[in-house]
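Chains A and B, in that order, give the protein sequences. Be aware that the first sequence starts at 1, since it is given in the numbering used here, and climbs by one per residue. Be aware that the second sequence starts at 1001, since it is given in the numbering used here, and climbs by one per residue.
Hint data in this document are derived by calculation from the structure and do not stem from the laboratory. The C-beta atom is built at its ideal place from N, Cα and C for all residues, glycine as well. There is no bait here: all hints are sound.
Looking from chain B toward chain A, a few residues come up when the C-beta cut is under 7 Å (computed):
id, residue
1, Gly-1049
2, Asn-1050
3, Cys-1051
4, Arg-1052
5, Leu-1055
6, Leu-1062
7, Ala-1064
8, Leu-1067
9, Pro-1069
10, Leu-1094
11, Leu-1095
12, Ser-1097
13, Leu-1120
14, Gly-1151
15, Arg-1152
16, Arg-1154
Derived DSS-like pairs: lysine-lysine, alpha-carbon spacing no greater than 30 Å straight-line:
id, chain 1, residue 1, chain 2, residue 2
17, A, Lys-319, A, Lys-435
18, B, Lys-1155, A, Lys-505
19, B, Lys-1030, A, Lys-326
20, B, Lys-1061, A, Lys-361
21, A, Lys-319, B, Lys-1030
22, A, Lys-319, B, Lys-1061
23, B, Lys-1007, A, Lys-319
Here are a few chain A residues that sit away from chain B, every Cβ distance over 10 Å (derived from the structure):
id, residue
24, Glu-49
25, Ile-142
26, Lys-164
27, Arg-350
28, Gly-351
29, Pro-402
30, Cys-597
31, Gln-618
32, His-625
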Amino acid sequence: MRLLDPSGLEALRVALAGAPAPKRRLWVCGGPGCLASGAAKIQAALAAEVKAKGLGDGVGLRTDLTGCLGLCEMGPMVGVEPEGYLYGNVTVEDCRELVSETLLAGLPVGRLLANPDNPTRSEQPFYQSQTQLITKRFGKTIPGSIEDYLKTGGYAALGLAISKLGPLGVAERVEASGLRGRGGGGFPAGRKWASCRLAPGTAKYVLANGDEGDPGAFMNRSLMEGDPFSIIEGMTLGAYAVGASRGFIYVRHEYPISVERLDGAIKEAEKMGLLGHNILGSGFSFNLSTVEGGGAFVCGESTALMASIEGREGQPRVKYVRSTEKGLWDCPTLLQNVETWANVPIIVERGPEWFKSKGTKDNPGTKVFCLVGQVKYSGLIEMPLGSPIRTLVFGVGGGTKPGRRFKAVQIGGPSGGCLPYSALDLPLDFDSLSKAGAIMGSGGLIVMDDISCVVDVARYFTGFLMGESCGKCAPCREGLTLIYRILDDLCQGRGREGDSAVLEKLATNLARTALCGLGQSAGNPLLSTMRHFGEEYLEHELEGFCRSGRCQGLFWPDINPNLCVGCGSCLAACPTRVISGQKKEPHRIDLTGCVSCGSCIAICRFGAAKAIRKGGSQAARQADHQADLADPSKDAPKTNNIPTPQSVTKDPTQPAPKGGGQAGA
Amino acid sequence: MSQAITKVTGTIDGRGFSVPIGTTLLEAAKSLGLTIPTLCHHPGLPADGNCRLCLVETGGKLVASCLFPLRTDGEAILTQSPMVLEARAFTVRLLLSRAPEDPRLLELAREYGTGPDPRLADGADGCLRCGLCVRACRASGTEAIALVGRGRERKVTGPFFEPPIDCVGCLACARVCPTGFIDFSELPRSIWGRDFDLRPCPQCGRPVGTPEELRRAGVENPLCPSCRRLSYSRSLMGLPEASFSNPGER
Ligand SMILES: Cc1cc2nc3c(=O)[nH]c(=O)nc-3n(C[C@H](O)[C@H](O)[C@H](O)COP(=O)(O)O)c2cc1C
Ligand code: SF4
Ligand code: FES
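The shape of chain A in the complex, shown without the other chains:
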C-alpha cells in the first residue's frame, strides 16, 4: 500500500496502534551477542513448537526475533510480553517448556530466569537506571516490520514535518534541541545542518556512519539491526531539512545482517511511499541505499568514508573545508552517526524542549553505551548523558567480578582514555570526558580490574591502532610503531631510563602532527594511563616491576597467608606446579621453579595472591601482608565484592561463581 499524503499516514498509524495486540509473546533477542550464542536456533525451535502445538496467530500467541535485550552476556535471551519475565542462557531443549509453561500458561520457568530474585525486567537494576529512547523498540517490535514501527510511534515525525513544520521547521527543531553527534566528537548537529542547508548547490547528500570499528563495540550494530526504520526516518527528515535527495548508509563490512535488515527496511519504506519519489505527496523525493564498508577502522573517519563511497581507497584526505560545504563528490554533505540520526525523529516529534529535559544542559538526550570487561553484567545500556560513570559501572553493571578491585575504565574505544577510580563520579558527557583525557567515542566502556596492567593496556590499544593506521602520513605510520615498540620494551623488562618521558613527547607530537583523527587521537590510551597511573610506568621503566602481575617476568607472585583460605585454585592453575599447601591452609609458592606467569594472581578470588618486587626484602613483604589485611580494598570500595576470609571459611560449600575456576581444586 502506498501512502499518498500525511493524513493517510496518520490514519494508518491510528489504525495500527488500535489493533489488538497478541495475547502473549515470546521475544527472542536478535541482538549481536545472542545471535552469536544461537538465538536463531532458539527462535526456530520455539516456532516449530508453536506450530506442533497447533498454536499460532489465530490464538494470539507469538514468538519472534526482536532487537537487543541488553544483557548480552547471558544470551541467548528470551523476553516475555506482557508478563515481563526475562530468561537467559536458553537452550533448544528448553523451548518446549517455554511454550507450554510460559507462552500458553503465562508461568515463569524458574531455572531459566536471568535474575531469579527479580524475575521481570522492570524489577532489575540493570534496566531500572536506564532511559530507553533510542532502544525503546528493542524487545517490543520485530525490527524489519514497518507495521510494528508505525504502531509504536514511527513516522509520526515525518508526517508532522510534511504537514506542518516544513524543511526549515525541522532544521530549527534539531538546532534548538542541542543534539550532539553520537559518533565520537559530540559536534553540535544543528550547526552542521545549518551549514549544509545554506551551502550553495543543488546536489546534496546525507550520509549515515554505521562503520563502528571499535573492537568490542556493538551499539550501532544493535541499532541498525534492532530499529532500522528509526535511522531511515531520521535521514529522511535530514534530507528534507537540508534539501538532499540522495542518501547512503555506510555499514561496516563485517555487519552483513545490518545491511540485510536496512535493505529490507528501505524496501518496505519505499513500498509505502515513505521513501523514493514524491514522499507523502510533498514533492520531496529521497532515495536511500546502503554501502558496505571498506573493512578498515579508518573508513569510519569522515573523509575516508566519503572516499570509500566514491569507490576509491578508504583513506583520509587533508581537508580544511567542511564536508557540509564540500563532501561527497565535492557536494554539500551531511554526515551523522546512525545513533545521531535515530534521535532526529524523537526530537522532531516531541520537540526540542522535551528532548532537553533528558540529559544535561550542554549534553541533552541519552547515549547508548556498551559496557564490557570485568563487570558482573555486561551488555547494551542506554542512559541519559551526564549520568555518573559509577552508576553505569557499579549500578547497572553490578561492579567488578568477585574478588577483584576496580582499577580503571577505558572509555571511548581504542583512541579513548583510561580513567581511574577517582574519576568514577565524573558525569558521562562529551566535555567532562575529554577534560579527563578520555573521549565519548562511540560509547564503549571497558572495565578493568586490578590484574590489568595499564602499560599492557596502552600497548594493546596502540597495537590495534598501529595495525589500523592507513600509513598515509609519516607521524602515524612510523610514530605509532615507535610508541608500540617502546611500550613493548617496558612490558618485557627492556625499558630504558627516560622511556616514559620519551613516550609522552612522542604521543604529544603525534597528536599535533597526524593527518586525521586516527593518528591525532592514537596517543590517548597512553597519555591517559600515564596521567592517572604514572607511577606504574616508572616502575616498569626503572625497576622492571609490574605490580599487576601481568607482564611476565617483571614480578614474583606471593601469597599472603593472612588472606589465603586454601581453596586450591592457584595450585590447580599453576602450569609449573610450584604451589603447595593443604586444603583450607595457606598455600606457598616455591619461586625456584616459578616462571612468573601470573596465573595464580589472576585466579585468586580472595586477593591473597599478589605481585611483589623481585628484589624486595622479607620485611617489606611482611609489612605488605599486614597492610593488605588491614585494608583489603585499598583505594577501591569494599562493595567491590571481595569476599572476606571469614564468610568463606564459614561456608566452604559455597559454589564458585561462573568462570571462577575452582575446577580441579
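Could you slot chain B with the ligands onto chain A? The hints should help.
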C-alpha cells in the same frame, strides 16, 4: 571590485601578506621569501599533505602549509615557533628511519637537532612513502603504480606486488622521487624490473621514448624534440627538410 573580496591578508612570522583568497599558506610564505621545508610537495602535482614536514602554527594548532588555503583575514602564522620546531624534529626523526642516508633528510636532521631512532632501524629502505611517484604516474595518465598496504607495511608497488604491467617506462616516477629510491636506467631503458625498447628519432636516430609511452601520447613515430624544433623553424623559413649526414652527432 574591491580588494577585500579577492585578497586575504595576515602575517607570517610577523610579516604582512596580501594574497588572492584561497592561496595556500606555502605559496604565501614563498611570496614573502620565507622557506618552509617540504618533502611530499611538488609544484606540478596535486598536494597530498602526507609528510607533515611543512606544518606551521596558526591559532595554537599546526596546519599543513602545502594544503592550507588562506580564506580569512588576520591569520597570524608562525613558521618557527617552539611547537613547529619540535614537530619538525619529531617528523624528521621518524622519516630518517626510512631513508637514513638521504642527504636532504640528514641536512634537516642537523638543522632540527635530531637523528635516527635505533628502535626503528629495521624499516630503512630509502623510500619516504611520500607518494610523489604515484602522483606523477597518475598525472601522466598511466596509474601503473600505487601505494599499497596499511601502516608501516605500506609501499610503492605495481598490482599484486609485481612489476607494474601498465608501466610505459617514462621514468616520471624516478625523476620526481626525492630520495632516488626507484632504480632505473636511462639507456638502455629499464625501470621497475622491466626493460623497454627505445624508438629512435627518424631524423637523427637518437632515442625519443619507449613505444609504450609514445602510444600513450598518441604519436607513432615522432621526431626528437630538437629535430622537431629544427624542422619547424626550417618550414617557417620555407627551407627543405634537413638531412643529417651523421645521425646522433652533436
Ligand atoms: C579513525 C576514526 C574512526 C571513526 N569511526 C567512526 C565510526 O565508526 N562511526 C562513527 O559514527 N564515527 C566515526 N568517526 C567519526 C566520524 O569521522 C564523524 O565525525 C562522525 O561520523 C560524524 O557523525 P556525528 O556528528 O553524528 O557523530 C571516526 C573518526 C575517526 C577519526
Ligand atoms: S593519521 Fe594515520 S590513519 Fe590518519 S591519515 Fe595519517 S596514517 Fe592514515
Ligand atoms: S609538504 Fe606538506 S605535508 Fe608534505
